[in-house]
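Chains as they are written, first to last, in the numbering used here: chain A, 1 to 545; chain B, 1001 to 1329.
Certain hints may be false.
[As the list claims (entries may be wrong)] In silico DSBU-like pairs for lysine-lysine, Cα to Cα no more than 35 Å straight-line: (1) A:K278 - A:K416; (2) B:K1256 - A:K75; (3) B:K1239 - A:K20; (4) A:K8 - B:K1222; (5) B:K1327 - A:K20; (6) A:K291 - A:K193; (7) A:K8 - B:K1327; (8) A:K250 - A:K404; (9) A:K408 - A:K420; (10) B:K1327 - A:K75; (11) A:K8 - B:K1282; (12) A:K408 - A:K278; (13) A:K75 - B:K1239; (14) B:K1327 - A:K101; (15) A:K101 - B:K1239; (16) A:K101 - B:K1282; (17) B:K1222 - A:K101; (18) A:K241 - A:K288; (19) A:K281 - A:K250; (20) B:K1239 - A:K8; (21) A:K380 - A:K288.
Think of the hints as simulated: they come from the structure by calculation, not from any bench.
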Amino acid sequence: MKQHENIKHFLHSVRDRLNKALLFRTVQWSFLGTGIALLLIASVFIIFGRAVPTWIYFTGLLCTAVAILAVWAIKRFDLAGACHFADNFFDLHDGVVSFTKFESQGRDSGFYELQADQVEDCVNHSDNPAHIPLGLSRRVCTIALALMIAALSMGFIDDSDAVKERRLQEELTLSKTEQVNAELRKELEDVLKGLEKEQAEDPDAKKQLNDLKRMVKELKITEDQKKALSQYAKLERELHKMLNSAQQRKDELLLDRVGEKLKSIRDGRQLGNKLSKKDYKAAAEELKKLKLKFDKKGSKEEKKKLAKLKNISQQMAAAAESSLSKMSGKNNESQSPDNISKMSKSGKCTPQESSSEKSDSQKSLAQKMAELKEATENYKKSQCEMGSEEANAKMGKLGDALSKLGSKRLMQMKMKSLSKKLGQCQGFMTGGKGKSLAACISQMESPDAGGKGIGMGTSNKTSSEKTPDNDNGNITSIEGIKGDGPSEVTTEEANSGTGSASNAAARRQLQYRKQAEAYIQRQDVPSEVKQGVKHYFENIHQTEN
Amino acid sequence: MEFNTQEAQAAAAQFRETFNRIKSEIQKFMVGQEDIIDHVMISAICGGNVLLEGVPGLGKTALVHTFAQTLSLKFSRIQFTPDLLPADVVGTNILIEKGGEKVFQFQRGPVFCNILLADEINRATPKTQSALLETMQERAVTVAGTTYPLDKPFFLMATQNPIEQDGTYPLPEAQLDRFFFKLYVKLPNHEEFSEILYRTSGLIQPQINQVAKGEDILDMGKTSCQIPIEESIQDYLIKAVRNTHPENNESPEMVKKYVRNGASPRAAQTILAGSRVRALLKGRYHVAREDINALAVPAMRHRLVLSFEGEADGISPDQIIEDVLSKIN
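With the sequences and hints as input, model every part of the structure.
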């Protein structure tokens, strides 16, 4: 049995040559594809002003290597493929394919042997397998090489100035947000530590503090300045909600007026002073001192105490009535403390009471004062133990209300410091280039040292002296008369206590505040201007208080 | 019986020698038409029947007649006409007196020969045409319940005229399928024309000699049967035939659009048998794709039934077969 080694050798040579050609072609086209892809990617980077990252080149080359290996693995020629190719390429008329199959089936006699001999003869006389073209194109290779060189050379182009600046800004923002977040967390911790136990346990305050804690915890470190400012603005809005409780302001206004009234009488001067100073806790303590003790004999001291209490309660009730009527309108007599106390006794309720919760809570302080006055008068008339207890109870309730208000005020003060810190941090975010957060904060806290900072640029200092200029002939000096020119700011003044406030005015104020907040939250408004507007409104509140 | 190597070599040599001898003898008279001669001889070796189509005067009848002369075989010719009856073709029982008794005796028709020329076969009625079905396939004739086998070798060569279609009866598909090849006889070129005139118009006519016997043809058939075909090439052949069917998913769009019925398995048998002969003639001992490609058209062109669109668009079966072959993977 003949082995026909020549055919096998020939087939192996053809297969090796074909695989070599496949590899060369794959490499050639892969490099062309990679060159085009890298050039396009690099062009995109350059157009956007950025340097081409080195990893792109490494990835491109890695992908090329993987593609070459994948193509090699998938399309690699085996002996059967080589047989078909050899038959077609060397014009062997399916001789090699037939021989291979017949041989594998063990058919080697008769016409099969003749066939094998014939194929071997053809193979011996056929062209050398080394003449199978490798399929390399000089043009394709040149283009691929040129593209690769062009793409690689683009890798040496550095970032544009704008990109560098933006990247620097992003890094700065990242660092700033990290600092600011840490500072705000620290400040919040300080605020929480400074709160009294009863403040912390108040359900409303607790909820607000929890919200605040969550918001501060959720503050993100970001390189996007817009995002950073947006999250601080959101936090600021929450703080403002907490700070600007209308009810509390009105209560404080009421107590201010009561304090002023009490200062005018000798018995209530001490209490009045404390109320005017907004030291509500001390005022509550002062009120406790007036606690009555029932004495059947009616000691002189107790009578004196009762008279003092009566006097104070009358003055308080009168001041409260006056204040309340100013706030809600004089024509609405049904809301006077007397009427309130009468209605509370009879169990009736005004429509306003049922419709407005704010109005109800607002009345409660005045109502407590009216009830104290009534209880004191009743006790004086009846001189019974029950009367004494009732008066003490009413006084206790008023004292508790004052104490609670004092706690709230303290918490507000703390929140205000947090708000201030937040404002400073925002200033640091928007400006303060090259300065540390501490430097920015200290600069804002002491505005006289080196300027007031962004949004703080108003000063009452004026220069009365004119700076002398050396006249070189080009200077034209125009001098106007002070107070004679047009001004965008019009100041209107009214006598204290002569105007009348109403709910409509309160609503309008709320409207203005919303407009101002919306303005502050706008992204397109420069933060310096926002700061200015914010401080303007803060100043208004301070004046109001 | 399978040949050993020496026998195979000798048989193959004998095959080529005989073939070339017959062909040379035919070419003494026939000018050009080499493909037609080859295909007619391949068909005869494989025991098949041939349908020759061409305009009158191209030498169809002369070819068949010459081929019969070279083999010294019994040759019959039937000129098909509309009034021809089946009995005129296959024979009939006639009443004769034998030993004082009148008995029926079968009178053999012209089909009882080795080479039958059915000239202008489409002029006979379908009934008469059908009388040849058994002859073509079973190589036998059955009359009045008695079957009479034909002599071997037997092959039928029919001719038909593509023009003058009035009063003709197109062959039914069943009969067409029994033809090994359908060959188109083309008009000779200028040189061939000149040679035809030279050979046929002089005083001396070419003398056709008997160069082979009927047995030689049968032996050639046996030799060709042993030529091996590799599986992938056989798959190629099967695909070529299957893809002529419009219901086959792999068939080209042209087939799906223009073909109503594709080629039968008999077409595949025909192509394989013809390819083996062709391989031997080309000096090979295996069947190659090129053999299949070369014989697919004459073997399948009469087996495809075109759809209405195909007929309307003037598509020829040859175009469809070439499209099928070009689209096999």
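Quick one: which hint numbers does this structure break? Sort them smallest to largest. none
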